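Undergrad: For reference, the chains in residue letters:
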Amino acid sequence: MLQLPEYNLPDSSGKFGKYGGKFVPETLITPLKELEEIYCLLKTDKTFNEELNQLHKEYSGRPTPLTFAENLTNHFGKGKIYLKREDLCHTGAHKINNALGQILLAKKLRKTRIIAETGAGQHGVATATVCAKFGLKCIVYMGEVDMSRQSLNVFRMKLLGAEVKPVSSGSRTLKDATNEAIRDWVTNVKDTHYIIGSVVGPHPYPMMVRDFQSIIGIETKEQILRKENKLPDYILACVGGGSNAIGIFYPFVNTKVKLIGIEAAGLGLNTNKHSATLTKGREGIFHGMKTYLLQNEEGQVSEVHSISAGLDYPGVGPEHSYLKDDARVKYFSVTDNEALLAAKLLSKLEGIIPALETAHAIAYLDYLMPKTTHDEIVILNLSGRGDKDLNTIKEKLAL
Amino acid sequence: MSGDRIVSIVSNYIKKKNEAGEKVLSVFLTSGFPNKNNFVKLALNILDAGADILEIGFPFSDPLADGPIIQASSQEALKNGINLQITFKYVKEIRKNTNKPIILMGYANPVLSYGIDRFADDIKSSGANGVIIPDVPIDEFDNFFNSSFDGIDKILLITPTTNEERVKEIDGKSSGFVYCVSISGTTGLHNIDKNLELIQRNQKLVTKNKMLVGFGISNEDDIKKYIPYCDGVIVGSAVIKSLMNENKNYIQTLDLVKSLKTATNI
Ligand SMILES: Cc1ncc(COP(=O)(O)O)c(C=O)c1O
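Taken in sequence, the protein lines are chains A and B. Quick note: the first sequence, position 37, residue 37 per our numbering, numbers continuous. Take the position in the second sequence, starting the count at 1, then add 1000; the result is the number in our numbering.
Calculated directly from the structure, the hints in this document are not laboratory data. Everything numeric in this text was worked out from a predicted model, so none of it was measured. Treat the hints loosely; a few may be bogus.
With the Cβ distance kept under 8 Å, some of the chain A side facing chain B (calculated, not the full set) [as the list claims (entries may be wrong)]: (1) SER13; (2) GLY21; (3) GLU26; (4) GLY170; (5) ILE182; (6) VAL189; (7) GLU298; (8) VAL301.
Some residues of chain A that are not near chain B, with every Cβ distance over 12 Å (derived) [claimed, not checked]: (9) LEU42; (10) GLU70; (11) LYS108; (12) GLY135; (13) GLN223; (14) ILE224; (15) ARG226; (16) ASN272; (17) LEU349; (18) LYS396.
Computed spacing ranges between beta-carbons, pair by pair [to be verified]: (19) GLY1081/B to GLU34/A: 38 to 46 Å; (20) LYS1204/B to LYS273/A: 49 to 57 Å; (21) ASP45/A to LYS1168/B: 51 to 59 Å; (22) ASP1117/B to LYS330/A: 30 to 38 Å; (23) LYS1204/B to ASP11/A: 34 to 42 Å.
Idealized CB from N, CA, C, for every residue including glycine.
Excised from the complex, chain B in its bound form (with noise of 0.2 Å):
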């Protein structure tokens, strides 16, 4: 059977919060990211502070759509030996205790070394819902997610160089959301103008999907700005500083995710 009709967990999730007055906050993890012992319980923390969906990045040496936070936290994992398979078993225990949605989020290269098939099979099977993966952009999406991966979200991205028609074609190709990134650049902490006219533009453009906003979010401002034209917000690098900057606990970085969550509802 075809994964057409299969009713995604993701967006229904999403549709859900927002019919109850809502917007969600997904935040980025880096997998085994800061330590290695006690990610699982990290990630449960963070979605109890408030996080809607988590998103966990497998490491890459070489991450390309990434600025100096998570390129660093990405080389400290890799050091830290996390790969794909403690990435999946991180995955399976935290779903026993959660029903929000799990994305992992990672380039091809790791991928495409452990198996495709492998791959979508273990993100069933570890309870995970979707996947980003930034370096497979429209153009390579039939050639890299075959039929094994019916079933699974397949989270595309928009940018602002991508064009109109570009916009609607990626709305038809993605599932569970639209990833709508918020400026040209890495991700990171940007300090520069939102350009919101993009946002509203894209707003209407997205149809078929919900769609969140992602890259350079750092706080409660930049949410407010952005949460009356997107569905949601995506939180990575900010999220990564704060735990970079406690070693303990990661109260801070709790007390974050609470604000942040706090700004998304409207």
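Bound conformation, chain A alone (with noise of 0.2 Å):
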């Protein structure tokens, strides 16, 4: 049998092969280095880690469970589908398990004002949640686009007591919005803590999200071996940044579990309304990381297109760029038209409404099941709940 090497990455400069790295303006390497020396005491700390696990438990509601979708898998009359349930975290995402990690950093770095980016308003919602439970001062930058076409959360951000500020420049999205976080830092870095919100940003931010991300893999490995006494054939999973892709893919990167990986493809991979950043992009340096970007032949970046606010960006997390590069992990890209269908398919056919970034990866199952053998096992990490994009849906779906 194929034995994949040891996987042992980042290298001690943050570099996934020749990805990653810390590509920010001198303020920020002393802070981003307190960061890492912090977080590198406390990954092994058992008090840390049962405050944390504590957390994930009473407060969370971890684990989420691993459902059976016997509805969805005899639609497709093949494989095995199962659902792991991000959408019931708290909060209803997977950012909560990043925001409730870095919430503890934060306060070991005794940092009494946390910033964050936001695009579907998830990562803010987890963030202002954090924020309001441990007394910290929350600000959320999110650029106006999303603002309205996430107004629900823009709500729920300001009754956790949380200040979101708009950000008008660029295209209005989260690449726009993580530009001002991470302004903001530069300027505040004394009583700042910046919790990014996904797998991006300068080291170690995208080892640290990771791991914090990475109990979602955890937990499915446990679940499946129990329920099936074998690993699963397929997981898949959304991509935005690609946290909730490498937090259930990061446990089984050295196992033959196939592991796929779905980018926004908007209007079609032809036009240059998507944000397909792997499936179309080239290696480039942006918010502080060597990774696959969207950019013009001059090196700017993109404006680009996604119906979802949280795959909205011309970015992604450079240990997916090496993942890519590696073949460990392949990525495929669906359209808008596709994610609303598959949106609209969960909701009737389990009862589940799925978050847009999501239905994604639900979409790819019409390519990916027809392949599957009956006792194949299909794991999809169902990122988030669709509640907040119910003005969306309703735009764009005639029931």
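Take each chain as given, in its own frame, and dock them per the hints.
TA: Structure (structure tokens):
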């Protein structure tokens, strides 16, 4: 049997092969080093891990179920589909896993002010939630376009006591919100911790956020072994920055399980209205990392598009860039319309309304399932619930 | 041959000025801003008005280290089609009429996309002398700047969060001068207390290079406060903002540069 080489990344400089690193202004180097130091100390610290596990269990509702999707399976008539139910986490998406981990770090670093960027608003809500719980001041940067398409989440953040700062530069979406959050951090680094919402940004964020999200994959492994007595054949997840995907993939990178990430093809890959970074991008340096990037021939970052705010991002986590080149993970994309139909399908068949981000992974089942055999197991990371997207879905789908 | 022993034109220039009893004034302009067609003339006029060093910023869509003023000038430049090719053409033209140092400043991605070797070659052939890339800190320095950059000054930044050990390390790697950022923050017109203690500390620690202070310097008073503790100052946003407020001949901007230069004479 083919044995994959040991996987132990990033290296000490924060690189996944040639990707990753710390391409940031000098001002941020010292706080990044402090963060890395405290994280490396706490990662193996018993008290820290007990505190985090306690929060996962008592506050967030972990472990989340691994649900057998019987009707969906019957719909395809092949394979066996399980859903990892991150939609059942407190606040409705996997984002809380990372926010809880990072708020504990911020406490240890004695920071009193928390900033975050958000696209879909799920990370903003998760951050506002943990700030409310731990009594820290919270400022969330959000593009104006996203504020209008995810207006329910804007209200949630405000209700939770956070200040939502509208970002009006560039494409007024996630990329620009991230720029503003980084500028805020450069300015207020003394008292501020930046809770990045995905496996992006400078080292140690991609590693740290991956580790915090890996609880998804660790639970999944235990659950599927208990239920089926074997590992799955496929694991499927949507990829924006890539945190829910890496969270479920990471504990399986050294196994034979076929890992598949789904990006947003927007209005189509042959238009410029998509955000399929790994499919159509090329190497670039952006938001502190070297990674695949959607950009023009002069290295200017593209204004991208997806119906789902959480996938509407021109970059991607550097580890995904590595995993793509290394071929350990395969990446494909589906369009806005395919995602919408998939959201409808899952709602009708399983009584679960998925987030539009997640719906991209669901839509790929149309391509994958016909290729499976009857006893092949497919696990799909159901990264979030769709309540936040009801306005968008209502606008686009006639029922 | 390795580039170690090549004498830096930039640091030599600063040294000569300092020996003549002057501190230097470095002025930042965004490439092709505000007007694509008379940029070369503007740059030469700025030099005539008293700028000792010219920094030309090539635009990037997502300038993380910049505040609203330089963000706006970069956006405008991009809208007008400014890119590295055009910027190198400007440098060539400016070089025909001046011996003062010219430094290019911008973010890593346009350089990576242009081709790192090609970028270095064009710096040399256009007559520019150095480069500042704020999102390539020393931690990424060796991976980014290969041997094609030998003979080109690579100017590194130190900021209020840079500890003593790191200041020394940065001084060791930097050439041309060390860019001392006076505040924690992005470029722009900041109305905050000048952290003179920090500048004094850095002045003692930076021994290999000349040290210029920048970020948030907008008038003669600012300059007078810093000038005893450095070899020169860098002014960007104040000049860009002034350019935004006028549309012909740039008289006020040239007057501003003149007055800034006066303040650097001790
Ligand atoms: C439910 C859900 N899934 C996926 C994503 C995409 O992010 P990532 O790729 O980091 O999981 C988001 C982002 O907002 C989200 O809210």
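Undergrad: Flag every earlier hint the structure violates by its number, smallest first.
TA: 21
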